[in-house]
Amino acid sequence: MAKEMHSTPMLDQLESGPWPSFITGLKRLANDEGKPYQNMMIDLLGQLEHSYETRKGYWKGGTVGVLGYGGGVIPRFSEVAAKFPESKEFHTLRIQPPAGMHYSSKLLRDMCDVWEKHGSGLVAFHGQSGDIMFQGVATDKVQTAFDEFNAMGFDLGGAGPAVRTGMSCVGAARCEQSCANEQKLHRMLVNNFLDDMHRPALPYKFKFKVSGCPNDCMNSIERADMAIIGTWRDDMKVKQDEVQAFVAKKGRKYVIDNVITRCPTKALSLNDDDTLAVDNRNCVRCMHCINVMTKALSVGDDKGITVLMGGKRTLKIGDLMGTVVIPFMKLETEEDYERLVEIAEETIDFFAENALEHERTGEMIERIGLVNFLEGIGLEVDPNMVSEPRQSSYVRMDTWDEEAEKWFARKAEEKAAA
Amino acid sequence: MPNMPIESGVPDPFQYMHPTLAKNFGAWDYHDRPRPGVLRHVAKSGDQVWTVRAGTQRQMDLYTVRKLCDIADEYAEGYVRFTIRSNIEFMVTDQGKVDPLVAKLQTEGFPVGGTGNSVSMVAHTQGWLHCDIPGTDASGVVKALMDELHEEFVREEMPNRVHLTTSCCQINCGGQGDIAINIQHTKPPKINHDLVANVCERPSVVARCPVAAIRPALVNGKPSLEVDEKKCICCGACYPPCPPMQINDPEHSKLAIWVGGNHSNARSKPSFQKLVAAGIPNNPPRWPEAGAIVKKILKVYKEDACEWERMNDWIERIGWPRFFELTELPFTKFHIDNWRGARRSLNASTHIRF
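If you're matching them up, the sequences are chains A and B in order.
Under the numbering used here, residues 1 to 418 are what the first sequence spells out, in order.
Under the numbering used here, residues 1 to 354 are what the second sequence spells out, in order.
With the rest of the complex left out, here is chain A (with noise of 0.2 Å):
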């Protein structure tokens, strides 16, 4: 027998309107008679009331995991537990998506019917993180639910100071601007940490995200300690044909003002027979015309990667945007995926010795400065990593030949490799 809903007058009021409404949801599950999650809904739609009406949250952490796993279930234990008994326990299984959050419909269905039986019938897609957020289980129900998912293919993703679940963009499932193949990143790179996201003991988080071109549709540069970012070192494509057509619909004026002149490095200009030239070598691929111009522009055949750390949210000493640490590489043959797998070994570990505790990459960087960072993983300094050279000149440069013997003799060997 379920027990009586609360009165939810200010909740109510987000039930009306145009969008779709959570609340609309949450009454359906409370009112789902019979079902194992009623009456937690029904208290749980009174937690949520009487935070509406004090302006106050009351969850509290705690620990409760899966077997053999260290982290991924974000406990929550409700401070009201005495006005709502029957929600107390309410904790969120994080589980990874198929990397670019792909579903079938019949694999939708069978994680609803899981939640149905162990959990609350409430389920978001996706958390900031990437992760489906099976949201409301008992203490006691986790390890059953998690067992479902897992014999269904899917694990749990990370929480606390572990590598978490990563991110990648549709790419090249469905789009022509992609110059990686993400989901092959995405998932060599998270599956090769998995001991590091179940069992967390890094100093702190540590987010790998995967766009497939420079719109970065991912917001990796500012979300992720490691970046990876599809483009291309040749040319771009210009269909002159396309462009032509595209001039004769939009006009020469929308053209000029909207392609030509947006150019960040000038390297447009619009011909008088309405072609387009390319000044390639000044083109820092930021892909705007090719988003303006979509049948007539699109990235080269030369495609790779280029990797940026650092990147990371407020706490603690700000925002901080990641910064380039490989400028161009290219993932042809199963060597080139390993040798990134490898820096990213080598980057975590180097992470795990020297960041102070609670510190992301981008801060340690911050702390330690970039080239001390590039030497442990083990890159090499590149003109690329850089807006500008340095400003002061309150530097010692004791070993200015050495280096600049270094710099000779890498370019002499990039000759004689090319």
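The reader is advised that the hints may include incorrect statements.
To be verified - Which chain B residues face chain A? A few, computed with CB under 7 Å, are given here:
#  : residue
1  : P5
2  : T93
3  : G96
4  : G109
5  : H130
6  : C173
7  : K187
8  : L275
9  : I293
10 : V300
11 : D304
12 : F331
13 : F334
14 : I336
Unchecked claim - FRET-style restraints, in silico, Cβ to Cβ:
#  : chain 1 : residue 1 : chain 2 : residue 2 : range
15 : B       : K295      : A       : A352      : 44 to 50 Å
16 : B       : K222      : A       : S392      : 34 to 40 Å
17 : B       : G46       : A       : N271      : 26 to 32 Å
No wet-lab data here; the hints were simulated from the structure.
Everything numeric in this text was worked out from a predicted model, so none of it was measured.
Glycine residues also receive a C-beta, built at the ideal position from the N, C-alpha and C atoms.
Guided by the hints, dock chain B onto chain A, whose structure is given.
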């Protein structure tokens, strides 16, 4: 021996991917947008896929998920995917299926849109529903905002795409956005000294403070922590490792609005969002004061920005003084940054628009 987990990690997506996407993996030619909410991708093989994008509430009950599955099975070949902003995408290979799918989604209450130069769904956090440190709700704020901005989601009438985010504490899990609506605490934490010694690992709490305002102290004979309230920036970083240092305050935790965050490399380099408004009441269930400011900023942006200008591109062109003039938001001493590296945000030139 109990079952140990199968450490399978990230699943292979091909088993759940629409077959036409799998078949043309890495071999797409171009795309266009036949109408708001619909993308058409053409493969080099000549195959075509229409993607219909719809908004969801993100936090979904299983009946909503099953309803979306029913729609996928009946109208869209049985496959879906989700975007980073919690929009759902249905892929169809037959153009004739697009209109019935759009109509069905609309009938079932899922707005079709979020493509191109629209206001897409808000990237958000957990809030009072599930977070242990929230200063406000997340799903409720988003519902209230998207009700107001629904018309801009289903149309493509903005100068360029608009990404919104909300965060329910200053850690800002919602991330960077063209417009971000985030909690901003305004008072130092209230410490329950009876609990600190038992609940908090004091040295790590001390280390967590960005301005070194916390120190160990004996209070009423008990080991506890004290805060130098003059130094405290009210960021709330001490609260997660030490819940007895309560930072959330029903009255004094306010909302702040930030603009100009942009993750893309298109045109300019990626940019962080900047503070434009604060002191906004945290006012459930519909947060009308925050919504009004967001709508005002969007209205001015829509009227004044040129095509393809993201929020940051537009402000870069017109300058911040004009932004504050057009949006009628006050410019205060709090807008002038004093955090590390802040001098680069000061105007060291005579470049001034009159």
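query: Which earlier hints can't be squared with this structure?
result: Hints 2, 3, 7, 8, 9, 10, 11, 12, 13, 14 and 16 are the ones this structure does not satisfy, whereas the remaining hints hold.
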